[in-house]
Structure formats: C-alpha cells, structure tokens
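Chemist: One letter stands for each residue in the lines below.
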Amino acid sequence: MNSKSTEIEAPANTIRKARPHVNQTEGLIFERSAPGKRGMELPPLDVPPVDPARALGRDFVRGPVDGFPEVSEIEVIRHFTRLSSWNYAIDLGMYPLGSCTMKYNPRVNEYVARLDGLASEHPEQPVELAQGCMRILYDLQKCLLAITGMDAVTLQPVAGAQGELTGLLMIRAYLESQGHGRKKILIPDSAHGTNPASVVIAGYEVQNIKSDARGQIDTDHLRDFTTEDVAALMVTNPSTLGVFEERIAEIASILHERGALLYMDGANMNALAGIARPGDFGVDVLHLNLHKTFSTPHGGGGPGAGPVLAKKILEPFLPVPVVVEREGGRFAFDHNRPRSVGRVRAYCGNFGVLLRALAYTLAYGPGLRQATEDAVLNANYIRKNLEDQFELPYNLPSMHEVVFSDARQKRHGVNTMDIAKRLIDYGFHPYTTAFPLIVPGAMMIEPTESESKEECDLFIDAMRSIALEAETNPDLVKTAPHSTRVGRLDEVAAARKPILRWKPPLSK
Amino acid sequence: MNSKSTEIEAPANTIRKARPHVNQTEGLIFERSAPGKRGMELPPLDVPPVDPARALGRDFVRGPVDGFPEVSEIEVIRHFTRLSSWNYAIDLGMYPLGSCTMKYNPRVNEYVARLDGLASEHPEQPVELAQGCMRILYDLQKCLLAITGMDAVTLQPVAGAQGELTGLLMIRAYLESQGHGRKKILIPDSAHGTNPASVVIAGYEVQNIKSDARGQIDTDHLRDFTTEDVAALMVTNPSTLGVFEERIAEIASILHERGALLYMDGANMNALAGIARPGDFGVDVLHLNLHKTFSTPHGGGGPGAGPVLAKKILEPFLPVPVVVEREGGRFAFDHNRPRSVGRVRAYCGNFGVLLRALAYTLAYGPGLRQATEDAVLNANYIRKNLEDQFELPYNLPSMHEVVFSDARQKRHGVNTMDIAKRLIDYGFHPYTTAFPLIVPGAMMIEPTESESKEECDLFIDAMRSIALEAETNPDLVKTAPHSTRVGRLDEVAAARKPILRWKPPLSK
Amino acid sequence: YLPKSPSERQEMLDAIGAGSIGELFESIPAEFRLQGPLPLPGPLSEMEIIDYFQARAQENSLGYTSFLGAGVYQHLRSVVTDALIQRGEFLTSYTPYQAEISQGTLTAIFEFQTLMSQLTGQEVANASMYDGSTALAEAALMAERLTGRQRMLVARSIHPEYRQVLGTYAKHLGLGVEEIGYTGSGQIDAALLSKQRLTTAAAVIVQSPNFFGVLEDLPALADAAHAAGALLVATVAEAASLGIVRPPAEADIVALEGQSFGIPPSYGGPFVGVIATQERFVRQMPGRLAGQTTDAGGRRGFVLTLATREQHIRREKATSNICTNEALYALAATIHLCLLGKEGLRELALQNLSKARFAREELERIPRVRSVFSGAIFNEFVMEFPRSVKLINAALLRDKIIGPLPLGRHYPELTKRGLVCVTEMTPRSEIERLAAAISRVLETPL
Amino acid sequence: YLPKSPSERQEMLDAIGAGSIGELFESIPAEFRLQGPLPLPGPLSEMEIIDYFQARAQENSLGYTSFLGAGVYQHLRSVVTDALIQRGEFLTSYTPYQAEISQGTLTAIFEFQTLMSQLTGQEVANASMYDGSTALAEAALMAERLTGRQRMLVARSIHPEYRQVLGTYAKHLGLGVEEIGYTGSGQIDAALLSKQRLTTAAAVIVQSPNFFGVLEDLPALADAAHAAGALLVATVAEAASLGIVRPPAEADIVALEGQSFGIPPSYGGPFVGVIATQERFVRQMPGRLAGQTTDAGGRRGFVLTLATREQHIRREKATSNICTNEALYALAATIHLCLLGKEGLRELALQNLSKARFAREELERIPRVRSVFSGAIFNEFVMEFPRSVKLINAALLRDKIIGPLPLGRHYPELTKRGLVCVTEMTPRSEIERLAAAISRVLETPL
Ligand SMILES: Cc1ncc(COP(=O)(O)O)c(C=O)c1O
Ligand SMILES: Cc1ncc(COP(=O)(O)O)c(C=O)c1O
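Chains as they are written, first to last, in my numbering: chain G, 1 to 508; chain A, 1001 to 1508; chain E, 2001 to 2446; chain C, 3001 to 3446.
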C-alpha cells in the first residue's frame, strides 16, 4: 500500500471483495545469479565429446553467454511463483475486459493438450503416424462449420489478426480470379485496430466509414461508399458496442450487388454461438478467435488461434495444406491447391490451441447455446444495474457486452482509466478502456457466461460505489489503485527513454 | 491491513522482502451453493438404473445430503485458488520452522508420483503385476539402510509418530521375547510431544529425564534412571536444540549394559545424512521422517512417512508384510513372520510418499552430504549473525538448527510469539515457538539447505530489525502481524465455544 | 536443488569464522564421521529420474482391467482436483500453526470437517487421521476412554487388515478384542451380541458396507449397544456409498476412509482417515480440528483448536500420538466433493449401485457360479466359484483382467469365494468381458 | 462450466425486466435465429473428453523413435516449466494492459527480452511473434520499412515453409523475393550476392543453422550487405544452437523460433517467435515490448511500452497487425532458460554437437551412404542414400523408427537426400539402431 495514498483511503468496509495481504518481493532473475549455481542437470553424454572449436571452426564458436542467469531450481520456482502472485487472472475473479471474452479455461483442456502422443508429435511425421492429430483437426473443422454455418475452413492462422489477413487474402485472390483488381476495404469506425492493420498487410487501402447515431452501420453511407473499387466490408457483428447489426442482411446485399464481399470479424461470436450463424446472414468469410469464444487460455497475451471460415466460392483459395478425409476414414493433407493464397504459418497452426478448442466444444455440444445465453444475460444484468449511474452512449439492446462512457464522471475530473484503476482496489480486473474509438471515454464491459450472479452483483456494487466516490472523493479515484504493490506506473517515462532489457551493473 | 494498526506501522522501507498487495476475499464454499449448479458431470450410465429403495431396502437409503454444496467448476477453481493465496509456503519463501525441515519439494517428484502405472496401482493386485511398485519399495529400503547404517527396515508407518509407535512395539516384542517385561521408557525433557504420546500407546510408562546445563543428556542421571524396568531411552539426535549428543556412544553402552535399548527419533536426520550413521553410534532402532529429511511435501500437515530402521536383533519383529527379493530379481511380500508386532497400517504404508523420497534420494545420490553441509552452514550462519541480539540459552555448536530464546526481548514485554508474528510482516514464515519445552520462550530456527545466502541475509535483517523494534516500538511487535488479511485470531474464544463446522443458516 | 555457489559457501564460512565445512561437524565424535561417500545410486538428472519411474510403471498392471475393491476404489477423479492440490501454496505449506498466513489451509480444513459431518450424519469430524485402518484403531481407543471399558466386540466382516491394525494398537493397552461372526446375509451375527456381553463392552465395532460389500443394520446395532451402555463404532471404507446409503448417524463414533473422494489408489496410500462423532465426545477425539473465530476487527477466520487434546500440548496425556496427518488429501477430498456436489454425489452412488447389480446378475448367469450373501450391497459382492479363485484369476490374466479378490487367505471358511467390485469407472463391456472370460475358464477342465 | 442455477437465471431476467431469455436476442432478425440445436457431438463429461483425446493419441506415433528436426526439435524439458506456466495467475491472465495487477507477466516478459537479446547478440528483442516463420516474414517487412527498398534476397537454404510464409506476406505488398542458391558447403552462394544486386535490395535473408543444418557465415554476409546499404536478416529455427554457435550479432534483424526452449512439438504449435534488432531500429519493430519504469513512490515496475508502433494505437499505420502473440510460451522459454542457465545452455548445445557428429559418422559407415554438405553443422545434417528416402523410411517404420526427412519434396535437386536430426534426447543406442536398420534396408534388394 502506498504510504502516501493511505491518507485518502476510503473506509475499508465499502470494499467487500478484496483486502491487502502480505506479498513477496522479488527482483529480476539476473539479480539472483551467482557463478556455479544450476537449475537443471542433463543426463551424461553417451557419445565422445567433441571440441566445439574443432567441430565448428574457431569463427563459429561462442563463449558462455555473458550475463546469462545461473540460479538453482528452487530459486526459479520461487521467482516465478512470487511473480505470478502479482497477476490478476480469470482463476482469481471476474475479468470483464470487453472484446476479450475472458471466460473460464477448463482444466481438462490443459490435461489433454499435454498427453503423450499429442504434445509429443512432430508436424513432419508421416501421416500414417499422425492420424490422431489430423482427426482432431478434422473434427474441430466440422464443429466450427456447424457453429458458423459456413462451407469451408482453415485452421492455420494463429490469431485473430492473422485470420483477418488470411480472409482478406482469400477475398483478394477470389476477386483477382474474377478479374477484379479492387483496392479498398471498408471498415466501420468502431472496428478493432487489427482490422485496418491487416488490410494494409493484405495490400489494400483502408476506407473508414462512420457509424450512424445508433452505432450501427449506416446503410445509406455504405451504399455510397461501395464503389467498384471496394473489395469488401469488414464488419464486427455484434459490433464492438456489443450490438447486433440489425441490417446485416441488407448490408450483405449492398455489397454483393456490387461484387464486393462481406468479411466478419468473429471476435464477438460469444454472443451468437448456438443462436445464429453468420453463414445464414450473408457473411462470405469470417475468422473466429478460439482464445476468446472457445475458451483457450490467454496466457498473459497468447497463444491464440484464428481459424477462417468461408463460403464455397472462396474455398479454392484456402491456405495450404488442407486436411481432407479420404476413403476408409483416413486423413490426408491436400497440398495441391494451385489457387491457394499460400501458407500463413509453418505447419498446421497452433495445434495445441485447436485441440483445446475442440475439447471445449465437446464439453458443451449443443449446450453451447446455454453458454451464449448466460453471457448475454450477464451483460444485460450489469447494464440494467448500472445504467442509472453511467452514461450509455448508444442504447440499442446489448448482447454479450455493454459499453458505457465516463461522460458523467468526467464532470468531476474522473475518467474511464481512473475508474478502471479504482476497480482494482475493489478486487476486479478493469474493463476495456481504449476502445471502441467512437465512444470517448469508453467503458467496455464483457462479463462472459463464466460469472456467477454473485460475482456480477459484487461488480455492480463496486461500480456504483466508485460512481459515488467520483462525486464525493474524486481524488481517491484519480490516484487509484491504492492496494497494489506498485502504484500507477509512469508510462510516459517508459516510452521516452525505453529500458527494454536488463544489463549487468557496470561495476562488475 | 488492519485499519487500527496502520497507525503504528513502521516506516515501510525497513521491510524489504514483502509488501501488501490486493488479495481476493472468499467465503465458505457452502455459501456459494445454489440448487442445480454442478461442478462435474459423470459419463452416462451404461447399464439399467436400479431403484435405490428397491435395491437397498427403504431403511438403507438416504436422500440428498442436506447442506451439501452445489457449485460450478469455475467457482471451485476460484474458491481454492483464492484460498491458496492466503497461505505461506516453501514455494514462496523461507519457512524456518525448527524441527520441521521445510526444504524444497522437487517438482519432478510430483510428476513421477502421478504416473499412470504407479498412482493407478491397487495394493491387492497380484505381485506379478506389482513388481514395479515393489522394486521402488525395495530400492528405497536399500537407500535408507545405507544412509542410516542399520540392518532392517519397514516402510509401513505413515508418519514420524507412527514410526515411534512401531519402533517401541518392536522393542517391546524383542524384550518380551527375551523374557523381560520392562515397563518404562526414558525421555529427555527436550523431546517432541509425540515421543511420550507414542510411549503410552505402546503400553509403556514415560519417565522424563532432565537435560544437563548444556542441554545434553546427563549421563550420570541416565545411569541412575536406567533400572531393570527401563526398556529404552528415546533420544533425538541431534537434539531438539540442534545439538549433537556428544556422549551418544556412552549413552548407548549405559543402556545396553542394563539390557535396555536405544531408540533414536530421526526427525533431525537432516543434520546427519551423508555425514554420520546412527547405526554406527549405538542406535538400536530409529524412525525417519521422509516428509522432513527426504523432502516429500507437507501439504499443509501431511501426508508423511515414518519408516523404522533397526538392528539385526529387532528384525524378526518388523510389521508384516516385509518386501523381500527372491531369486531371479523378483520381489515378494513375506507375510509369514510369527514374531512380528503385527500391522500398523493397511497395505504398504504411504507408497506415494515413499516413491517421492526415493526420487529425492536418487537425485542427490552420494551428494546428500552436500545438502547436509549446506543445511548446517545456513543454521550456523544465521546463529552467528543473530547471537548478539538474541539470547542463546545453550551454546554448544549448532548443527542444522539453532534455538534462541526471547529472554532479552521479554524485558520489553515482547515474547517469542510476538516476534514470530512480526516476522510475517517481514515476508517470512515464523520459526517454531512452542518447543523445546526446556527453553522458555524458544525461537527454534531451521533454515535447511534450500535457502540461498540472500534469503538467509534477508531473514537476519528481519530478525535484527525486529529486535530493534522490540526496544523502540514494542507495541508494533506485540500487535503484529499488520500486513495480513486477518489480524491475530482469537484462539481462546475458538476453544471456549468451538465452532467446528458450517451449518445452514436457520432462516432457510 | 542447492541454491549456493561455491564462493557463497566460502563467504558464509568466513562470516561464521570456520576454516572449513568440516569444522561445523566437529561436535560429532570423529569415529562416527563417515570418511567416504555413501554407497547410493545417483545422482540422477530429472530426465533420468523420470526414466527410472517410467520403467517401474511398466512393470506393473498397465493395460489390465481390475475388479478389485476391498478398501481401495477406482473412482472418477477430476483433473481440477489434482491441479489445485499441486498449487505450491497448498502443497508446500506446513501444518497451519500460524493462522494469519495459513487461512487457505484452515478454511479448507473447516470445509472438510463440515463435509464429513454432513456425509456421516455426525455432529463433528476431525481433519484428519492417517487412513481408515488407523482411524478405526483410534476410534476403539476413544471408545475405551469414553466408556472406561476394555472389551471390543469386533465384527469378523470388518476389513481384515483393519482388524490387524486394531489388534496391534489394542494389544499392549490391555484391550480385549472379541471377534463376532457373520450370518448368511453377510451381516454381523447380532444374536451373538447378548446384553450380558455388551454390558462390559466398550463398543460394538462394525463396518458398513462391510468387507463383503454388505450393509449392516446400524440403527439396530446402535440400539443394542446403547441399551447396555456400550458404544457403536462404525467404519466406512467405501465412502462413496454415503451418496445413497443411509449415513451411520446412529453410531457414536465413525471411522472413515476417504480414498474414494478423489484420491488415487497409489498402491495403498497416501489416503485420508477421518473420525466423526457427537459434539459431546469431541474432547476425547484424536486428531486435528479447525475452529471458527474472529480477529480484533471482527473478521471471520479459522484456527487450529482444542489442541489440549493433542500430543504437542498434552504429551503423554494426549488423546493420540498423531501429529502429521493427511491434510493434503483432506484438501483433495474437499475439492472433489465440492466438484461432485449434492447431485453428482448421489448420481455417482447410484451408478455404482446399478453397475454392481448388473455385474452380479451377469456373473450369476454363469453355471455353478453363485452369489454368496443375501444382504443389501453397494458396489461389492462375494461370489462363489466351482474352483479356487486363485486359479481362475491366473487364467484371467491372459485376458488382461485382474479378477475377484480371493477370500480364502483371510477367511479360510470362504475359499472358492471371491470379492468383486465394480464402480462407475467399470464399463459395461468390461463387466461382460469378465463374465465371458470366467465362463471360458470354467469350461476348460482343470 | 456454467455457474448459475435455473432460479438465479430467472431472478436475473426479472431484474432486467425480460420475460424470457429469448427477448434478449430479439435484435437478431427472427429469420436468422436458429430454431433447433446445433448438430454437434457432445456434451461430454470430463472423463469422456479424456477418453476421446487418449484415443487420438493412440493413433499417432507413440513408441516410435524419431530423427526429425527441420524446425521443430525434441529437447529436454523440465516438469518445473510446465508446473509454473500452469499456475492460473499466468495461464488465465490477459495481455498485461493493466500494469499494477500484471507485474508478474510484465516482469517475465522483460526477462524474456533480456534473454533473447543476450542469446542473439542483439540490443533489443520483442515478446513475441507467432513463430519463426511469421517472425521472418515480419522481419522482411521491417527491412523494407527501414531501407525503403522492396527486393529481398532470400537464401534457398531457408526452411521451405518459412519461405512460403514470407512469400504469402510479400506477395501483395509488392515485395520482390529472389531466391539465392547454395553451394557444396550447404551455405548460401555468396557469389550470387553481387554488389549491384545488393544495392537495390532491402535485405539478404538467411537462416543459420540453415535448413540443411549448416551454419552460414554471417559476418561476411553482413559485410557484403552493409557495404551496399542493404540489411542482413538472419533467422534461427534451432535456437539451442545459440548455446555454442556464434550469435547472429552482425545481423540487423534476427527472426528467431524459440520452440527449442522448453516448448513441446505439439504437432507444430503453439511455439514462440522473436524479433531482435539494434536499438536504433526499435521503432520499426513489430510486436509487444515491456519497458522498465517507476511508480510515484520510485518503485521499479514494468509496463508495455512503445505502443505507438502497434495496431491498437496506430491502426493502419502500425508496424504490424499482430495483437495476440505467444506470451505463455515466451514465459515457458524464460523459465526453461533460467533453469538451464549459463552452463546448462552450453552443455546442452555441446551434447547436440557431439551426438550429431557421432550420428553422421555412424551413418557414413554404411556403404553407399554419404554426407552431402561440407559446411559446419550443429545438430542436423543431410545424407545421401542410394535409394529414395521415402522407401527407406517406409521400411524403418517396421523398426518403430521415423527416419530422415526426405528433401525431394521441397528440393527436387535433392531427391535421395534426407535430413537427419539428433539432439541430447536421442540415446546413442537409438542412433546405432537407426544405422543398423538403414544398413539392413539397403542390403535388401528393392
Ligand atoms: C474485435 C476484435 N477483432 C480482432 C481482434 C484481434 O485478435 P487477435 O488478438 O487474436 O489477433 C480482437 C482481439 O483483441 C478483437 O477484440
Ligand atoms: C523431533 C520430532 N519428533 C517426532 C515428530 C513427529 O513426526 P510426525 O509429525 O511425522 O508424526 C516431529 C514432527 O513434528 C518432530 O519434530
């Protein structure tokens, strides 16, 4: 606890969900190093040792790596155990980061991903000895096709952004095969930052289009913008406001009429799985974020997987290879796909993530619908209980997330980031603050289906209490968090003179 | 942090090893229960279901268990993850509980203990299908015999206390076989509480004997006490003062001359492994605490294993069964031991603990000696750096632990428990306070070999800083800890009107 | 595993003022100090350790289907339980003597006590005893303390190894152990429990379901015992039965084995024992107890309590010598039961009940194979075969089946009888395979 | 996995004021709302899920010894790494945007960046890229941004799939990719890198050890490139080589695959990619970076920094579209390297070196089998066989051996050549078994 800030600490009893508790300090692992300590032994070498300078040539050899750590096993265990205790996590509580779908990561998925015979398999081993892996890929493909209502799929992209790139390249390859050299991709102003960034890597130009007053795509504008030069529209549905694009069918036909395609960013599929299928409402290609909707663990920033699903017309353009079923139920890789966009990653993508996503899907089966319903229920419950305290800039019905703004709290000089930081003291991870850009001071809250009513109620209480604090004691909120082992960190200084690695002290 | 106590908080910068950090609150799991929630699904029943009332008879059936929890998997994960974050542990830092040998618990031991083919094995399966388990037992036996220099061993006892009982029963059986119906066991006043308690269950009487001024067994007294009625002396060596019984050979001969035996409580074997063997200095029977010296994890209070090692004369009296090697390297159980004391536990004892102890021994091999040396080095280093601040009631050379007393701090009204609690604020688990009884206000510190010099230095700093606080700000120490999510708990109230279980609220 | 560099060792020796590490061991008489290294295998690297144990695992029963129970059961376990008990904060902590930094363990213990009380129908339960066998022995000693009587009337239908342990504990304390036989139902022969015999007995001791898988009539036994001032001690070795079977609420002391709750067989241990009883007997109960209390700020917390029963306070006057117990497996059982929950517990028990009935019927169909006892069973039962169970089992091994437990070793009167166990983990197809394999064996002449 | 009871759902609906859950979905046009359940398998219980995947594992290569490398390596892993990355606090946290409750992840990332800088001899490294193949593609785009030139000179000895990915990324950005062949040493044919050609090139792109296992002469290549204002981009697919092989310090950008550092093969992913470079290039570097800073009290802490390079701030002007990366495996690599340490890293590399030499000699002893390239190797090498490698491999399967990778598919000029990999995990006896098996196969006429 910052000694400075204790003075303005609110009465402890308003915070029910968390209390400070003693926590271990720990430096960098390099600071524990001492010559001769070891954390791991190797089995003895069972062939004659070679002299590296002889074997490689003097110019190719390096000496011991300067500054590399020398620590014992228990020091490694303690180092990372202590570090871990400084993290918030889904296993500790609600993590309502909007657009991130931080849901429960089932433990059995970790177990099966580590099975000998799965984790141990080499991607180049003969297909006769990889039928198990291939069947996992194939079964997952079938599930994803059923959930999205699409016709074709690639599991190779390893994140949402790579899925976007892959989908865009497929669109490009398709249009070029039709003889259309189109140049632009339309992107609503509410889109996630990866969308425009992916467009550029796909060699397209970004054309931003504004949302209407209700936060939906303005179909009139869309008509105007959809020129001959437009290859596709990238739509996020439900949008990043958590709202379903009601005119999605109309949007699709506007595009299709003009020979353009509809790309859907499926990051928000947690609002639809089991309820509605993008394939039914005119989407030509979409990606899924398996590390969101399909519960694979985020691991502090990855890994993920971003499969791309497409309509029949785009199938020839899928990345190579494609897993196919041959007669007798054997699986094979089809490399011979001349119209393919090529490879977007070596091997079969993030197999370990794909496997977990399949485990997740099998656990629910058709019951995925209930998960989706609960996710939407939670978001609406939170919305209902907070809408008298926080500004709702767009008030169409919410699906899996709700986006407020800090407009009311701003009057007291308290912004969304301050409220977010104060939530930490209340025992929660903050919501998403940076995004969507069409909402200044956005507070994007996605509880997911994994939160109990009790956890939602505690969150509501915390938010209401902070709203009150913003009025009565704004400084308390503006200097939050007060209960963490470090206070707000100086990001400006970090960027101005970046220190991006540890270096041995000069005295040595 | 207790709001009350913050006022008397010392300047934070004296505490280097820990800081408070936000920590999740959590009630009892029963308080999360709601009808219909489930944490685990069963595979479907593949035989016809029976009606329990029919199958068992109406009088033998019960209804759903009242008050039993109904919670989901994520709630269980969070509940126990949150709970765990309230615990201190060896994985977090030094745990210098004297006599408890809290050393690093190697992770690979957890891995091998869970291997399919080991964790899955049933103790009644045919020995042809249990050769792997039996070889583990046999190999461990050989290691323990080598380390202790004894002749015979049983792995059946599942804790130190049960080892004591087993050893005493063997002594009793042996003496009775010699026609001596002796009645008493001598126990030094420094002994652990389990020693006298075990003596009673073995059907013996306890005769306490006083230590001499140096904390050692007074051999003159011993001579006087060792009458015809004395079956054995139970000695802890090194003693619970952490001091080697220098006259151990003399002690053994006094007993042996009078037909009595020497039992050694081997809880402190961490001072001797690889350095000296009890079999060499006259011990007739001893137990080891594998959950101490051999690093099997304590798990918040168990499991353990307390193998008993004995000299040849006691071998016929070992509990049944005994693992033996038959020709062709096959292993078998010998049940046919008519002079055995019988069984002390069903099956083969705590196999999973025994297995871990073997893994530990194999990791070190003869290098166990280095571990012992480091343990003794750490204890002496701490002693050296604290002996000007704390009273050393007995000042013979320390081995693996050092015992101070609170005599100096008492002058300021600060006792060993207060210092212990204040250590918590400094990021340490306290030392042992309750014991040995011959040191009023004991502070029994056992660092083990697992602590780095840096961790020892931090501990020394903490203790010296607390010594200073005891003089300058005794109240700060007396009301510690100040950094934990709950403050000192009222143990008297807990014992006066015991609440030993949760009950559903009456309103329901 | 040692966190010191050679130069740090030297620095520390210098600080101590010792010339060498040997100096620190000089209090050990020179003749007892080892000169050479110990003759031990190793040191092995992590990978070699794994190789050693993997090789051992291959020498066991991988790939076999087993029908063994008899006190150790193959039940469903969740990977969640194992993931949680491996968290260092639980795994590598000591007994929670320092409550302020042990609330995790203490809260879990309190929950364990609650669950065990709920399951057994008793008012309080401890956390924990070593296992079922030692819990039973300790329960007998407790009965002696409570009644002041020394004679124990022990059902022959109790697990033979439990009885052996009880015998070991009882022997030198002057406790008499009298065995009470069983009837054709497989239950204790209540007719042998005459009022006269009971009047000087500390307790009637039974197991339910008993070693033959048969449920005992506890209410009736309790009535008989109580009428004569004796106690009823009930042991439960198959705790999964408590999901559907009437709890031993009428017993005065329950000694329970908790292995069925998420704990692997692990060749016989570690498991977790429990003693549960009535509140009025709690001060004679052995073992650790967590109790609820508050701190100065009124916040709820838990502490170890009633320690005046325990060896570290009372020494030779303690209720038991137990110190280290099976806390981690009490935690595992707690997590497991929370996952299973009210419905799952019942459903699991029902599956066992249904499968055991199914299996018994399948086996009864085999000519000359018949069910032995008429009493109600949970998931185990005794079958009689036309030839030695050992011989049959030897043949079954060829089918990778570990057959029924031969009862002859412990019950000479029950040769050619075997104890069969099936749980929710035994697929129907394996039950059918067992029946078919036994048929085949019996068709082959000796 | 859902934490709600039916009555809680109803309560919440009531609070919202919705008559049914369906009402909450009314913003989806009715025609798009599914009527029936999805045609998906399941729901499966935990045990059934395990059964499904265990069955799949049996359909793979359990029990086979493999000599495959080619970008994915079987190296020693410690159970410690896996235990630590499974701690919920690491496993189930998001990208550390909120620094005050993410210091664990941020500190580990900072350590990862340091380790990668140390290993590659570069000044800074990011954390992280998807894998080696995409890191290489991104490195090429970075070279284009840094030089303003569009032509890439790409060694044919780079991993074919890495080249394919590079091709996919380059294609629509108007980047030219020119392939540069190799010589008899197995190294890039430096003679083809004329000054003229280099003057308009953004970068020379090589891999070292390259796909044939041969080390490239990076200092010389760097000199040539720099003299013409081009950059040298080096990719490292076998990062374990950095324990003994001179680091690519002279390269301007290093694209590294970190799978060798404690990450299982897992049929090709997830792995972890890294881009390392010089400080002066950092603002053109893609991917996440943690930097050191302080809080108001002067306490050290770490934050994500230089985010103005990234898509969530810069959108279409970002250095890359990467967002989610491979943080958990960056953590795994960090833990693994801390365990291995300075000595272990070197010892492991030396073991690889020694075993590969031993294996090559063993295979060279077989008549008509010869080593193809003369350049220095680390743990992989190319052998020429007297017949198709595919045929040989098919025969080796009978011995439960997965043989050399046939090079013909990607290098038509290298039919009958196979790439052999041995690591510290390949026991000598298995190497000998491979040699013996190949001998036997070759003795059998076709
Ligand atoms: C709406 C949306 N689109 C795309 C992405 C990018 O996905 P990824 O991070 O997997 O690249 C995200 C994730 O942050 C997102 O929220
Ligand atoms: C000296 C000594 N003897 C005996 C014991 C009892 O061992 P256990 O707890 O394994 O029963 C202990 C452990 O606390 C001890 O420290």
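The hints are simulated quantities; they were obtained by calculation from the structure and are not laboratory data. One or more of the hints may lead you astray.
Said to hold, decoys possible - If you anchor each label on the Cβ, the simulated ranges turn out as follows:
| # | chain 1 | residue 1 | chain 2 | residue 2 | range |
| --- | --- | --- | --- | --- | --- |
| 1 | A | Ala1249 | E | Gln2010 | 29 to 35 Å |
| 2 | A | Asp1059 | E | Gly2174 | 34 to 40 Å |
| 3 | A | Glu1250 | G | Leu506 | 39 to 45 Å |
| 4 | E | Leu2446 | A | Lys1183 | 52 to 58 Å |
| 5 | A | Arg1411 | E | Gln2010 | 35 to 41 Å |
| 6 | C | Ser3185 | G | Arg258 | 25 to 31 Å |
| 7 | A | Val1127 | E | Leu2446 | 48 to 54 Å |
| 8 | A | Ile1313 | C | Arg3433 | 20 to 26 Å |
| 9 | C | Thr3200 | G | Pro64 | 54 to 60 Å |
| 10 | E | Glu2026 | A | Asp1229 | 32 to 38 Å |
| 11 | C | Arg3433 | E | Gly2063 | 22 to 28 Å |
| 12 | E | Gln2010 | C | Arg3433 | 44 to 50 Å |
| 13 | G | Glu325 | C | Arg3428 | 46 to 52 Å |
Yeah, the Cβ is synthetic: ideal placement off N, Cα and C, and Gly gets one too.
Chemist: Are A:Glu1250 and G:Leu506 spaced within 39 to 45 Å by their CB atoms?
Modeler: At roughly 60 Å between Cβ atoms, G:Leu506 and A:Glu1250 fall outside 39 to 45 Å, so the hint is violated.
Chemist: Range hint 52 to 58 Å: satisfied by the CB atoms of E:Leu2446 and A:Lys1183?
Modeler: Holds: the Cβ-Cβ distance is about 56 Å, inside 52 to 58 Å.
Chemist: For the hint 44 to 50 Å, verify it against the beta carbon of E:Gln2010 and that of C:Arg3433.
Modeler: About 47 Å separates the Cβ atoms of E:Gln2010 and C:Arg3433, which means 44 to 50 Å holds.
Chemist: E:Glu2026 and A:Asp1229, beta-carbon distance inside 32 to 38 Å?
Modeler: holds (37 Å)
Chemist: When you take the CB atoms of A:Ile1313 and C:Arg3433, is the distance between them in 20 to 26 Å?
Modeler: Hint violated: Cβ distance 52 Å, outside 20 to 26 Å.
Chemist: Within 35 to 41 Å or not, the Cβ separation of A:Arg1411 and E:Gln2010?
Modeler: For E:Gln2010 against A:Arg1411, whose Cβ atoms are near 38 Å apart, the range 35 to 41 Å holds.
Chemist: Can the suggested window of 34 to 40 Å be confirmed for the beta-carbon pair A:Asp1059 and E:Gly2174?
Modeler: At 37 Å between Cβs, range holds.
Chemist: Cβ-Cβ distance between C:Thr3200 and G:Pro64: within 54 to 60 Å?
Modeler: violated (41 Å)
Chemist: Hint says 22 to 28 Å; check whether the CB-CB distance for C:Arg3433 and E:Gly2063 agrees.
Modeler: holds (25 Å)
Chemist: Taking 29 to 35 Å as the stated bounds, is the beta-carbon spacing between A:Ala1249 and E:Gln2010 within them?
Modeler: The hint (29 to 35 Å, Cβ to Cβ) holds, given that A:Ala1249 and E:Gln2010 are roughly 33 Å apart.
Chemist: Just to be sure I understand the hint, the distance between the Cβ atoms of C:Ser3185 and G:Arg258 should be within 25 to 31 Å; is that true here?
Modeler: Roughly 56 Å apart at Cβ, these two residues miss the hinted range, so it is violated.
Chemist: Tell me if the beta carbons of A:Val1127 and E:Leu2446 are separated by a distance inside 48 to 54 Å.
Modeler: violated (23 Å)
The structure shown violates the earlier hints numbered 3, 6, 7, 8, 9, 13.
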